[in-house]
Each structure stands twice: as C-alpha cells, then as structure tokens.
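Engineer: What follows is the residue order along each chain.
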Amino acid sequence: MKKTKVQKATSRAPAIGERKALRKRVILSNTNALEVDGMPDLFVGNMAVPEVAGKMVGLPGPVVDSLRAAEAFKVTQGWSLFRKPAVLMRSETVEMGKLIQNLDAQTENRKTIRKIIAGERGSGKSVLLLQAMAMAYLKGWIVINIPDAKDLVQNHAAYAPIPDSQPLLYLQKTLTASLLDRLQKSNPILTTLTLSKPHTFPLPLSPQTTLSDLALHGISDPDLAWPAFTILWTELTSPSSPIPGATRPPILLALDGLAHALINSHYLTRDAQPIHAHDLALVSFFLRYLRASPPTDLPNGGLVLAAMSASNAPSCPALRLAVSQSLARQRGEEVPEWDPYRKIDTRALEAVSGVDVLGVGGLSKVEARAVLEYYAASGVVRERVDARYVGEAWTVSGGGLVGELERGAVRMRV
Amino acid sequence: MKASSLSIGFRRATCSFCRLSRQAQYESNGFRSFHPPGVSRRHLATTTTSPVTAAPELNFSKRDGKPIDERLLKRVRIVPASPSYFSGKPVFTDGLLSMQALLRKFQTLPCVEPNDAPRVAWKRFREYLGQVNEPVKAAKYHKIIQILQRLNRIHPSLMPEEVTEAMKRYKRDVNPHDNQAKPSFVDENGVSRGLGRRKTSTARVWLVEGEGEVLVNGKTLTQTFGKLHDRESAIWALKATNRTDKYNVWALVSGGGTTGQAEALTLAIAKALLVQEPLLKPALRRAGCVTRDPRIVERKKPGHLKARKMPTWVKR
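Each protein sequence line maps, in turn, to chains A and B. One rule links them: number in the numbering used here = place in the first sequence (from 1) + 28. One rule links them: number in the numbering used here = place in the second sequence (from 1) + 77.
The shape of chain B in the complex, shown without the other chains (with noise of 0.2 Å):
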C-alpha cells in the first residue's frame, strides 16, 4: 500500500516536469502566437513583425549610483512609459500612439479641404489584422484611419517627410485612384466608341452620325428586342436627348437576358454619346444613362432555398 501509493507520486512529479518542458519548447518556437480569425495566410505572409522583446528587469537597488531608500518604494508607484505595456502585444497601442504624436506634433501646418487632398486608399482592417497579429477592433483601427485622414490633409507642398513616412505603412500597395480612365475620343470616321454593363450583360456600341439606324448584333432592334419596352430601354439615352435621328448605333451585345441587354445598351450608348457631345452630361443624368445600376442577383445561401427564401417551417 505504501509503496504504490509511493509510485505514484513520482510519476505525477515526473509528468508534472515533462509538461512544463514543453510548453517552454513551444513558445520558444513561437507556436503561440495569435492568428486572428479570417485572416488569410497570404496576408500572414507578407507582414514583417517587429520582434516582441520584454522589457528589461528592474532595478531597485541603486539609482544613479546611490541605494535608493526603501521607505521611498514603498510610497511611489512605478507607471510604465507606454500605456501599452501591460498588453500582449503593443504593436497596435504603440502605432496608434505614434500617430496621435505625429498629429499633435503637425497639426498646426495649414490643410486642404478634404475634397482637395489627394486620394488614398488605406489598408482595409482585415489587411491591417493580417500585418499586426494581434487582437484589434475594426472601430479601433478606425481611429488609426480617422488620424490618417487628417494627416493627408496637410497641405501637399508642406507635408513633412517624418508623415509620409507613417502614412506609407497604412497605405494599401496599390492605389486603386491612380488609375485614371483613359480618355475617349472620336476617331477619324467619327465613330465613338461606349462599353455599358446591367446585370450580367455587357454591350459595346459604336456610335456615328446618321438617321437612326440600330443594329445589334446585325440584327435590327426588332428582331433583337421583342418587346417594345426593352427597344425603348435600349436606345433611351438618345431619345431622352433628342438625338434619335441624328445617330447610327452599331453594337454588340453578350451575357444576359433581354432586359440587361437593352439596360446595358442604353449606358453603352450614353457613353458613346457623351464623347461626341459632352455637354449632354447633365441631360443624360437626370435621364438616368450616366450611372452604372451596381445591382446583381443575390446569391443564394446555404439553409435557404434561395437567396432569402427559407424551406417552409414544419412542427417537427
């Protein structure tokens, strides 16, 4: 009886032992570090994180070379130079924090109106997440991107390198308003070209001066378009402006039913339109030609029998 229970209790301190061992391997290894949830491994990839490095210890004994009195630790409390030094991870506390000395330190330099600051596209949160490592809030790094915004104003020819340099680590890698649209123009036979998207159509339109005719897809707009209503649609774009009998439309039309077709043909011919008579801007808005209408079908999802229909309830 004596020796089992002897045994017993060696094993259990042998095991206790073997466990701390591992788990001091593990986080030498750095398996516990923190994945945030949705992140993809491609973010993970590219981020480059600083090394987490502990604080030194302290020390109480001396200061400047003197004992230090005992009696005076025992009144004073020790506050750490970063808020975020009890946290796990400092790296979004210590960027945040930066940025609010950035601000404080610039915010005197005269701004521009945020209409005329130049655009820049910021790191979307999840990209954010993936690049810190470390448990964020989105309405927490919307501060980050609030103070971002502000600094951006600053005016152009007096932004400090010390910002631009900040600003960079929150830009995305590409930005996606430095892509300019290139400019349309009408060619030597006076042809201007239009591409319209609705729906899952996609119409490109030649456009030339004429007496009316259409043809799409070398077909006439009766043979294409059943329906007189989705003739209309399609060349609505000229015939809100007027411009019916003044134009010949040539085009192609793919993907789609009829209605997203004649609805693609009419931001098609809008375009084609405005490039050989830009002033009809604000004619063709109110008429509705200019947007693109962004709406698509809903998908459908999964526990429904469509995109929102659910099966019918049953009592069991």
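Isolated chain A, as found in the complex (with noise of 0.2 Å):
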C-alpha cells in the first residue's frame, strides 16, 4: 500500500493564547457605522431623570474604559456595531439610577440593597448590570464585577483549601489575582486611597500606601493575592471619613450568571467529593453581601446585583423558586410553597430567598421605537422607522425583548 505523504500546514500555527484572544475579544466602536446626532452622554445628572427614559444615552470615555476593564462588555452583545457604545434608558434602568442617586455614604442613606435581576432570553439583564455598573463609576463608587459565576465553579484553575478556615473554604489565587486586576484597572478611585490602619502582609506596607498599590501586589504575585483582597475589602469597608484618602465609598457588588454560584461547583474535594459553590472563597463573598437573612451589610452602603442568566444557566430549582416566590409577593399572589417531597438544595434557597427580584420582560413599543431610531440614525438599518415596522419588530421579537429587537432588525439583516 502506498504511504499518503501527510501534509504539513503552510500556515503559522496560532500563538498561545491567540485563539481565546480572538474569541474574546470586545469591540466596542465601529467606524462604518454613523455617529448618532444628538445623542446626550450619561451623566450624573441625567441617570434618574424622567425625562430621560425611553431615550437612549451614550457611555462616556471614561466609564467606557472602566466597564472594559470590569469585563462588563460581553463578546454576545452587539457593540461592535455601532461608532460608541449607547445604552437605552428603560423604565428598570431610571430605577436603578434613583436607586444609585440616593445612597450615599455621607449621609444617613447608606444602605444595601440587594437584587436579583431576572427575565427571560435577551431580556437585557447583563446590559441593565452594567448600565448599574456604568452609573456607580460616574458616582464614583467602587465596583466589582464577576462577569460570569461560570468562571469560578468550572475548575479551570488552581485551588487549595485555606488552612484554618471554618467552615472548610476552598481559594482559587489566580482568580482572586484576575479579581483584583479587574478592580484595580476599573477603579481609578483606588489611586486616591490610602490605608487607614496597619495591617499583616507578607510585604511592608505603608501608611501613604494606596489601595491600587495594595492591589497590585495582589495581582502581581497570585500567592499574595487573598490576603490583599481581604485587607482590601476590610479598608473598603471601613467606615468612611472626610479625610483625604480616608473616604469609603459605597460599593457596587456585580454578578452575572447567578445559578452557576448556586449548585455544586466542577472542583472536588480530596476525597473526590464535589465542592459547592458555596465553599468557593470567592463565592461565598460575594453571597454573604446578597443573603437576605441573615443580612450582612455594606458599612458605607452599596447594591448588590446578581444578575441570571437565560442561556447559560444550570438547573437549579432552588434559585428558580425564590425568584418565583420574590415575584409572586411582589404582585400580590399567593406565594408557591417547594413540594416537601422532592428534594432542593438548602444552602441554595436561604442564599437567594428573601431577595428582592427585579423582572426584565420586553420593552414598552416607545423604548422599542427609540431603539430601532438609533440603529437607524448608525445606518445599520435601512427601512422606515414607523409605527407598522415598530410594531412588526416589536412582536417578532416575543413583545420587545431587546436581543430579539436587534437580532431581528440588526443581525440577521443583510
């Protein structure tokens, strides 16, 4: 039999790490498209207006930036399309501006409010994150984004019980590294805070020392990285004071893919047993501030927000029936009770029950219309905006989901 000669790629084989580059690799801006004219930027003072709803806004630089480097940008979302990244104020978004305009850590607002944001495919629940995300940077607060509970469960990185913990936690460093990286480069904030009392730290630490620095030690060596996020958190926390340097103010938890945080997570234990999510260091932080009972509160006040996800969610019945429960108080129903007889994991259900649930659905045909004005006035749609091409994109789209709206109108155009 004749030896097949193989044949060798001509090609250079991509670099280490290209190929995830590429795959997540957000576009924010796109020159082909057309500016918008007369589109207002986002600022303090529009973000709980009236006036302001069913309008679409644009994120200033700055905050662009920022959300960048939170990863509030996710590759699914349609950035790329247009020149810079715009926003719609929906009814839900004016909300979570009044919500962010009202707390202070000054005054004697300084609570925490806890949400679940929850609805259905393409709802807009990721994007009303981070329009949250986008108003608490121009307010100067200090967010921290996980962009996906996903990464944190699905045992692609190190982790190792840390010692003396109790109950038994399990750390992953480099994510706590990658954690810190993300609030570090999205909170310009930090360079202007300085440490308010001494602290033990395998490195010397100063007074003047800022907690950017603090946090780059962290990121720079993994091995350092939970213990300066815990003297972050601590310094964070602290109460606030007019000083220079010693001001605190509120914070902004941020999570997205909430169910995944909620169920066993991929990582075992040494006896081969999976580890609940709830083990997880990093989880377990963030689900202390989103528990409704017992609460543990932001010192300085803040939002906790973790938002669920439609299309990447694993099962979890729990999760599924606090939402329906939060909702059914919400409209007045009768609450639906778990059947005793079937089994539901109980961390789950007293780390989300209790917690306020806000419910995305479709957009009001004025949102959906001012949305498909804006992807006309970028040039990426070509018809008539009027009430018949309104009305035909909005029920196509199951009554004005906003992901349906520009699938529908935008991607799958051509």
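Treat each hint with caution, since some may be false.
As the list claims (entries may be wrong) - Subject to a maximum C-alpha distance of 16 Å in a straight line, what follows is the list of computed EDC-like cross-link-like pairs (lysine to aspartate or glutamate):
#1 B:Lys-323 with A:Asp-414
#2 A:Lys-393 with B:Glu-290
#3 B:Lys-316 with A:Asp-93
#4 A:Lys-213 with A:Asp-93
What the hints assert, rightly or not - Coverage of chain B stretches by chain A, computed from C-beta distances (three or more under 8 Å per stretch; other residues unrestricted):
#5 290 to 300
#6 312 to 321
Said to hold, decoys possible - Under 8 Å between C-beta atoms, here's a sample of chain B residues computed to sit facing chain A:
#7 Glu-309
#8 Arg-372
#9 Val-374
Simulated from the structure, these hints should not be mistaken for laboratory data. Even for Gly, the Cβ is constructed at its ideal location relative to N, Cα and C.
Got two chains here, each in a separate frame; can you build the complex from them with the hints?
Structural biologist: Shown next as structure tokens:
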C-alpha cells in the first residue's frame, strides 16, 4: 500500500492564547457606523430623571474604559455594530439610577440594597447590570464585578483549601488575582484612597500605600492575592471619613450568571466529592452580601446585584423557586411552596430566598422605537422606522425583548 | 395384458364422468363468478347484481305459425339485439348503452354551464367494479362518467325523472359536496377562531383586536420559536396585511415540528383574520396564506431505504 504524505500546514500555528484572545475580544467601536447626532451622554445629572426614560444615551469614555476593564461588556452583545457604546434608558434603568442617586456614604442613606435581576433570554439583564455599573462609576463608587460565575466554578483554575477556615473554604488564587486586576483597573478612585490602619501583610505596607498599590501586589503575585484582597475589603468597608484618602465610597457588587454560584462546582475535594460553589471563597464572599437572611450590610452602603442568565444556566430549582416566590410576593399573588417530597438544595435556597427580584421583560413600544431609531441613525437599519415597522419588530421579538429586537432588526438582515 | 388395458380404460372413463359432474356442481353454485382484483369484500357485499340469464333458444322451425324456408336461413345472418349478447356478463355494456340511449333521448333539453351544474360525486372506479362484478377497464367506465356529467348539466328544473333515476345508480352513497362548512363568526367578545394545518401540525387560533401580542401554548413567540424565520412565518398573515399591531393572537399548536407548527399558525391566523375582515381574502391569497399546503411526508416503501432511496447497488 502506498504511503500517503502528511500535508504540513503552511500557515503559522496560532500562538498560545491567541485563539482565546480572539474569542474574548470585545469591539466597542465601528468606524463604518454613523455617529448619532443629538444623543446625550450619560452623566450624574441625567441618570435618574424621568425625561431620559425611553431614550438612548451614550456612555462617556472614562466609564467605557472602566467597564471594559471590569469585563462588563460581553462578546455576544452587539457593541461592535455602532460608533460608540450607547444604552437605552429603560424604565428599570431609571429606577436603578434613582437607587444609586439616593445612596450616599456620607449621609444617613447608607443602605445596602440587594437585587436579583431575572428575565427571559435576551431581555437585557446583563446590560441592566452594565448600566448599574456605569452609573456607579459615574457616582464614584467602587465596583467589584464578577463577569460570569461560571468562571469561578468550572474547575479551570488552581484551588486549595484555606487552612484553619471554619467551615472549610477553598481559595482560587489566580481567580482572586484576576478579580483584583479587574478591580484595580476599573476603579481609578483606588489610587486616591490610602490605608487607614496597619495590617499584617507579607510585604511591608506604609500608611501612604494606596489601595491600588495594595491590589497591584496581589495581581503581581497570586500567592498574595487573597491576603491583599482581604485587606482591601477591610479597608473598603471601614468607616468613611472626610479626610483625603480615608473616604470610603459605596460599593457595587455585581455578578452575572447567578445559577452557577448556587450548585455544586466542578472542583473536587480530597475525597473526590464535589465542592459546593458556596465553599469557594470568592463565591462565598459575594453570597454573604447577597443573602437577605441574615443580612450582611455594606458599612458604607451600596448595591449587591446578581443577574441570572437564561441562555447559560444550569438547572437550579432553588433559585427558580426563590425568584417565583419573590415575584409572587411583589404581585400580591399566592406565594408558591416547594413540594416537600422533592429534594432541594437548602443552602442555595437560603442564599437567595427573600432577596428582591427585579423582573426584566420586554420593552414598551416607545422604548422599542427609540432603539430602532438609534439603529437607523447609526445606519444599520435601512427601513423607515414608522409605527408599522416598530409594531412588527416588537411582535416578532416576543413583545419587545431587546436582544431579539437587535437580532431581528440588525443581525439577521443582510 | 388385455385385461389390464381394459381396466385402465374403464377407470379413465369413470374419472372423466366424475370431473364433468363436479364442474356442473360448481357452476350451479355460482362459484365461477368473476372477482375483479383489488375490489374489497365490502363493495361486493353491498352490490345487487341482477341474475344473468341465458337468452332463450332460437326456434328456426316456424315463424308466425308458418314453416320457414330453409334457403332463407342459409342466406340471412342473425344479429343479436344487444352487442353484449356474446359477452360473458353484459352489465357494463348494457349500462353504457342505456346511458347512451338516455342521452340521445334528452340531448335537446337546455343545459346549464358546467360550473352551475349541481356538484355530484360519482362512484369511484373500484366501487363500480365491485358493483358490476365483471372486468371493466377504467377508460370504459370513464365513458359512462362523461355521459353522466353531460346528463347532470340538464337544467335542474327540466330534469326528467328517468334521468334522475339513472344517475342515482352511479352516485356515491354520500355526496361529500353536500357538506357545507359552518360559517365562522366573531363572537360577542370580538374573538374570531381559525384552524390551520401544515404537515402533521395543527394550530387553533383565537384572534382579537389588540396591540400585537402573541401567545402560543401560553408562551411568547420567542419562547415558542427560536428561529426568527419561524416567528415571521407564524405571524405572516398579519404582517402581509399590515395588521401586526392591530390584533392579539392566542394560539394552541400541537403535533409536528417547529416549521410545521409555525406554518400551521400562518393558516390559522389567516382564517381567523378572514372572519374579522373578509375583504382581506385577495391580499391573503397573494401572500399565500389561504390554501392549505397539502404536502406531507411520502411513505416509505418496501425495498427502499426511505421513500425513494434505494440500497447501494452491489455486483453480487
């Protein structure tokens, strides 16, 4: 039998990490798209006013940089179609803006507000989270974002038990370092805040050490990431004072893909038993503040937001029950009970039951029209945006689901 | 030697006699009657075949009491009155002849246009075959049908009783054209209903004036149909007539796959819309929403891998 020659690839093999970088690349600007005239930028003054409701607003440059560093933009979202990132101020966004506007570390309004963002696939949960983060950046808050809880539980990173922790927690040092990285890069305010008290840290820390420097220690050496993060958190939650460098702004804790944080992770214990996501230090850190009973408040106030994902979500009956119960309570309907003869993850249920649920649904026709007019002004929609076109797009997108609206109007058209 | 040949000859003679008598027995029981292929017993059971009797023997010895000249008999040829005289069973030929005679008799009566003639479902060929119980070709039966269609065109007010009786023999027991669809209506709540089918899917739709909301099996359009194309198919009747934001749709769909369900919805919504606005019919027909798509999956055949696919040919 004749031996066939193996064809050697003539092109260069992609370098390590090149494919992933391409996969994760977020494009936020398209010079082919038209600039939209007369579209205001989001700023502190217009983020909670009723006049802006139902209008598109652009995101200012520094906020876009912060959001990008916090990995708030997703590859699957259609940012790359437009000249600059812009968002719709839907009614839920304006409500969120009011919450952020009213919270203040200095005054008596130091509340901790917890919300789970729930809704259909393509209803704009992740973008609502992004909007909350954008408004928090504008207000000078500290934003800690976990872009996808799946990254924390899918067993792609090193992990080890934290010695002497009770109950036993598992630490993911590289993931902590990347969390610090996002935190440090996306919050420029950290460079103005200094340590308020001495801490025990493997490296010498002076009183002039900024919180950004502290984070950089953790980023450069993943072994120091967890100690750096704990000190950073202690500092961020210490009482605020008007002295320069000692002010402590409110905090926004954001997490996307909540269901992943409520089930068994893919990590295994020494006995090859699955580790529950709640036993991972980072997940446990977030859920401590999300939990409604017993609540752990943020001393300087803030928001704890957890968005669900409808397209990439493992089955989590406890979360489903908690959300349906909360929505029923809001509507004044009969609260559904769990069938006692079926198993339920009680840890997950305790973590999320009682937390307010912000239900996100379809846009109103006015909002849908604003989005479609923005598409038309950007040059990606060629049709005349009239009542007929808006009505059709609204119906086909299942009652104005914004993701489906984009899919139908922009992506599936050639 | 001589004795054995005698005994064999005697046995043969006895056997031949026995065979003859048995045959006669069969015929008297009617066992040799013709059964056309493919005719079910159901059809045979319902038929009323007239007993076929042989023509009486011709008597050539006398005519009008006078003896016939034998020379005349050598000169003339006797022609039977019916062409079916020499056929085994004359039912079809006689039937055809009688219909031809009937047509000849009444062909001068005024006719209506074929469109205006009452719609009649004539017996199918197989049904007829079961009735006459004799080998008839389909093309021959078609001749009768042509005559029947011509007779059916005679003006209904002048239709002779004789023709009506004759046509009755060839009509199906149940006339499907008598089945008139019930007229749909918009009920007191302003809701109209529509039913649509495509492939193996069935869609029932309740249509009411509204803002363009759609619920299919209690779910939104996006939850029901992941594909954008299916969603657009489902509401195509509304979209093609620019009524998307004028009506709300509440639908139940079952059976089949997503495409079938979506296209069943097209038809159902179109029918419900026609109840609300009958004048939209031409527009909906142009949009292809009025006619049910009759295409269904072709059945698999023995010897084939699928409906038409054959196994790979191998040399041996």
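Engineer: Each of the hints needs a verdict: does it hold here or not?
Structural biologist: Hint-by-hint comparison with the structure:
1. Distance hint between Lys-323 (chain B) and Asp-414 (chain A) is fulfilled; the C-alpha atoms sit about 15 Å from each other, no more than 16 Å.
2. The suggested pairing of Lys-393 (chain A) with Glu-290 (chain B) holds, with an alpha-carbon distance near 11 Å, which does not exceed 16 Å.
3. Taking the CA atoms of Lys-316 (chain B) and Asp-93 (chain A), the gap is about 42 Å. The hint is violated against a cut of 16 Å.
4. For the hint linking Lys-213 (chain A) to Asp-93 (chain A), the alpha-carbon distance of about 9 Å falls within 16 Å, and the restraint holds.
5. Only residues whose C-beta sits within less than 8 Å of a C-beta in chain A count toward coverage, and the segment 290 to 300 of chain B has 6 of them, enough to reach three; the restraint holds.
6. For the segment 312 to 321 of chain B, the assignment as covered by chain A holds, since 5 residues bring a beta-carbon within under 8 Å of that chain's beta-carbons and 3 suffice.
7. Taking 8 Å as the C-beta cut-off, the interface hint given for Glu-309 (chain B) holds, the closest approach to chain A being about 6 Å.
8. Here the hint on Arg-372 (chain B) is broken, as its CB sits about 26 Å from the closest CB of chain A, past 8 Å.
9. Hint on Val-374 (chain B) is violated. Least Cβ distance to chain A is approximately 29 Å, over the 8 Å limit.
Hint compliance for this structure: hints 3, 8, 9 are broken, all remaining hints hold.
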